[in-house]
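**Student:** Sequence:
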Amino acid sequence: MSNTGIPQSNTGIPKAAPKSKAPLAIGVTLAAAAGLGYYFFSPSAQARVARAEQTVAAQKHARGDTLGKAQEELGKLGENIDGTLAAGQQKIEAVKEKANVAGSKVLEGVDKVDHKLEKEAEKAKSTLSGWFTGKK
1 MSNTGIPQSN TGIPKAAPKS KAPLAIGVTL AAAAGLGYYF FSPSAQARVA RAEQTVAAQK
61 HARGDTLGKA QEELGKLGEN IDGTLAAGQQ KIEAVKEKAN VAGSKVLEGV DKVDHKLEKE
121 AEKAKSTLSG WFTGKK
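Okay, so the sequence shown: first residue is 1 according to the UniProt record's numbering, each after it adds one.
Simulated from the structure, these hints should not be mistaken for laboratory data.
Taking lysine-lysine and the DSSO-like style, the derived pairs with C-alpha atoms no more than 30 Å apart in a straight line are: (1) Lys112 to Lys96; (2) Lys105 to Lys119; (3) Lys125 to Lys112; (4) Lys91 to Lys105; (5) Lys112 to Lys98; (6) Lys98 to Lys116; (7) Lys105 to Lys123; (8) Lys116 to Lys105; (9) Lys60 to Lys76; (10) Lys76 to Lys91; (11) Lys112 to Lys123.
All chains, full assembly: derive it from the sequences and hints.
**Tutor:** This is how it looks when you write it as structure tokens:
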């Protein structure tokens, strides 16, 4: 082993001088920056960005239209339900009124029949009492 100032391996073969990795890192960084710059600032990149913005705008518009249409449909449905409920309430009130009228007519008829039966019963009673008492 000589003492020449060059590092030696265990086998006695001189080692290569260590190199700095800074130039490699700088070169990779510059290449990446150049690639990104080309990707973002080339005319095709501007077209990609414009298409992406149009797509996002169209999706927002579609969601807004869908939401507006859904709200409009719900409003119409609510109006239909309210109208149906009001019509149903009117029909119920009409049926109640008819039932009251019919009930009062039935009661009048029952009263007439009852009155007639009472008259007939009174006649029969006077006829029967006349047989037994001899009075008419």
